[in-house]
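The listed protein sequences correspond, in order, to chains A and B.
Those letters in the first sequence? Residues 1 to 340, per the numbering used here, in order.
Those letters in the second sequence? Residues 1 to 270, per the numbering used here, in order.
None of these hints come from the bench; they were simulated from the model.
Everything numeric in this text was worked out from a predicted model, so none of it was measured.
For glycine and all other residues, C-beta sits at the position ideal for the given N, C-alpha and C.
Mixed in with the good hints there might be a few duds.
[Claimed, not checked] Which residues of chain A face chain B? A partial, calculated answer using Cβ under 8 Å:
#: 1; residue: Leu103
#: 2; residue: Trp117
#: 3; residue: Met123
#: 4; residue: Glu124
#: 5; residue: Phe205
[Unchecked claim] Distance condition first, Cα-Cα at most 35 Å in a straight line; then the derived DSBU-like pairs of lysine-lysine:
#: 6; chain 1: B; residue 1: Lys94; chain 2: A; residue 2: Lys99
#: 7; chain 1: B; residue 1: Lys120; chain 2: A; residue 2: Lys291
#: 8; chain 1: A; residue 1: Lys113; chain 2: B; residue 2: Lys94
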Amino acid sequence: MTPVHDLPPVIAAQDLTKTYTFHQQRAGLGGALKSLVKRKYETRLAVDRVTFSIGRGEVVGLLGPNGAGKTTTLKMLSGLLYTTSGDLQVLGHTPSDRKHDYLRRIALVMGQKTMLWWDVPAMESLLLHKDMYGLSTAEFDRNVAELAELLEVDHLLNVQVRKTSLGERMKLELMAALVHGPEILFLDEPTIGLDVVAKARVRSFLADVNQLRGTTILITSHDMDDIEALCSRVMIIDHGRLQFDGGLDDLVRTAQPRKLVRATYASPVETDRLTGLKGVSAVEVSGPTVKLEADRERAGSVMEQLTRLGPLVDLDVADADIEDIMRDLFLRRSTLGEGS
Amino acid sequence: MNTLVRNLRVVRRMTAADIAQQSVYRGAWIIFMLANICMPIISLLIWRTALASGAQLPVDERYITTYFVLLGVVTMATSSWMAGFLAQDIRMGKLSSWMIRPASLLTGFVANNLSEKFLKLFALVPMIGIVWWIFRDSMNIPAGPGRWALFAISILLGAMLVFIIDILIASLAFWMDDVSALVQARVIIASVLSGAVVPLALMPEWSRGFVDHQPFRYTVSFPVEIVAGELTGRELLAGLGFQLGYVVVFAAIARLVWSAGIRAYSAVGA
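Isolated chain B (complex conformation) (with noise of 0.2 Å):
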């Protein structure tokens, strides 16, 4: 049988049995939900009333609206929390049960986080969509397909870099015997770089050049920029080749830590 078709076999069953073991918990999923939600909403509130009360800001209401909307969609599609749970499977041997079986190590990765998108999927959209309905009015919804699609694409390379950052951090748990530090780090500098927390938009003038192209943007903020903002043609290519290049870079620099981390690899316990 074809590898790949057989390692596509084996990340349907694993995402299915994943849902499957996930579900188990879906009180713990509720609430882990409600915790995702909150967070854009309240911004969302905040920067409207600032603006109301006069605040001068670089963009406009509609601008902070369809940001802060359409952010929890984002967030949820490109968001990894794998890096955690390998990290913890390597420094406790637990990668030795998969690494004996023939299939991509990846497969349980990749299904892992497929499983987790699908059931964020489910929770998420409901509530997103009664946010939407609810501030329809100001938000900036583009007419034609074309900026829905590259929105979706751009969705697409943001949750391949978030993934393979993750290995990458989890992958240096074959060296240290802690990583929880490093991940702990990467996501509170994720959450400013990327936009989660504060439009990029927002950034002082002085960062400009920092700020937009960092590999966190095209995490979160620019595949939100695409709908909410009005990037030109040429700013959307250049946006979109830079996430691309961003993805090819750190998984070349991720396969090469990982092979290297394999021969280190120490398989504890019995």
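Looking at chain A on its own, in the form it has when it is part of the complex (with noise of 0.2 Å):
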């Protein structure tokens, strides 16, 4: 696969693969005693021989339905999980030595998960971690209150944590995770369960973060939001399977390669009038109003078109909802092309 990027790779995964091997029970009594003599045990592939490379400095989406393969992929590529097969490298190591080196240089933030002791103040998870990752007091104190005002969290640092929101906590969490420094930042789903002011604020932290330190980053998310306001590359993946790689608008252009046109008149127009239009599809009037796909080669020539079927009080024309594209293409399960 050739790399969408230019910037030397820090990830650069070629074939991996991760198998998990599990075994079924029936349920009720029955299932349980029948188990308890013979177990019948089944291989699932999670993630089948992705291949991929990231730059430093990107920030890239990781995106798939629930059981794609997401969530095996970045516990690959911080070193929580060994590979079944394939090659992995990041930063020169390979992940699951989990060597001193390596660990230092990621951090990695689950939403579902702490790593924030429960019953004490932040502030003591965070001199952990300055005696773990071996920090100076200089640089310890230098990086909280950089860290502590971009997030806005001065005031929660002796609070304890049991006693913060869950928007106060991931914060909290993703200032644990960058107290350190690291290169790459690995987050599986950051702003699951927060409300729409902690989303946003966790997105322009975390833009702030890439911009500022140059921190390569790895989202998975099934906001779009999120990813919309991130990732410039989207790395989609399903059944295991890397099914795209490419830019945002690219993935827009692929599975959506219509506009969406919607034109407002001064009064309804003749729906006659509206067959005559070229390269348009899908159209739908209601009122005064007309709604409709063009082809995106053709939109120029389509809004044309439209001007002359009367006087215009408004004319929208977007690209498809990337919520919408992303349900479209889960339902479908359609092959993008392997790596675009």
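Two chains, two frames, some hints: make the complex.
Laid out in structure tokens, this is it:
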């Protein structure tokens, strides 16, 4: 696969594969007793020969439906899981070796798991990281001050973690993950469960971290707003296979080659006049409003044709909503061509 | 920074934080400690009553009294509650948040064990001090510091042995869905074979060879015997040798099992 970036890769995966073995058990007492005597084991292919590379400073979204293999991929990249086969190098290391030099250069934030001690203030966990990562007091103080300002959590550092809200806790998690200045940040659903204000704050913080520190970010999220706000590149994984790897714009163009057009006229338009429009489909008329889909390449011509139908009050041209595109993709489970 | 120094700093920080966290639930601690001290005191009273009623035992009243008064200290110092927690962390994928950080996973377990000891010490010492004072006239108390030094070394080795056995049992959670039955079995077997329930000196003669050489003796009974019993210098050295040997052998096995387990770790949960 040809890399979609020009930067030197910090992550390089070649035919990355992971299988899990588990036993099946039927529900009920009968099933439980049967499983005591005889168990049926199955092997599940979670990640299937995935190949990609990521350059320094990139922000990449790892997308896919539940159970697609995103989190498994993230766990292999961060060294939590051994790969079943394939080559994986992150920052020049094999992640599963979990060498000190590797672990001190990465961070993983899992939206549903905490790194912070629950019953003591977050500062205790930060001080633990100071010792773990061997930070000098000056470096630690500087990083804490900078992150606390960006995240607006100064007043929370000495509050018991269990007394903070979910949004506050995620900010503190991010702070703990970044206090040692990692070169790569792996994020697994970092905005899950957060309200809109907290989500926006987290997104803008991550964008700042990428800009200010040049941190490479790999993020999984089901919230397409996260992806649109942060990622210039997305990788779509489904059934363990990499189905798409490219820019967000490319994804939109590939998956939804038509523009959505909404034209509002001063008065209702006669429907038979719409049949003569060229390069359009899915025409829908509702009073003075006409909604249609136009071929991307012929969008200019369609606009020009629309102006001739009557006096326009409003004209709106947009790409399909990324959320809708993803939904269609996952529903169709279509193959867009491995790695595109 | 030197790896050892860094890990020691991490242990110190984690121990302090663990103590702070566990101190939140101080009421639970007091009840826990009272329960811990009750068993040896009840046993002591039962065996003294039996002796007073004319029971023929291979040991005298001074041995029994010293044994059960010291039992509270030694079981506290060598016990470990980690197996259940660690197994749960493995099963629920909680180990992940530690695995991605650059410190030995052992640091967390050691810190948890040390904080447990610190808090138990804090609560148990006054209680045992009172019992000691009550029975001070009917105890074997060695005059010189030598036996007490060996007692301390033996407690340290016993604590290491229990800790390593705990890691070994918890490591099986990498493959087994639930090791709580195994943890419970270990607790029951160890309570009998370590001498925590009945002094091993009272075990039947036919079981002597097995009882004297099995590993659990070296987790509780042997350190107590150093003070309470009349072990010869040769027996003392042989005992310490066995204790050290068990620590080394179990550590090697635990390391092997743990390394294999980490490869099988599935890091469940998002």
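**Study point:** Hint check against the structure, violated hint numbers in rising order
**Key:** 3, 5 and 7
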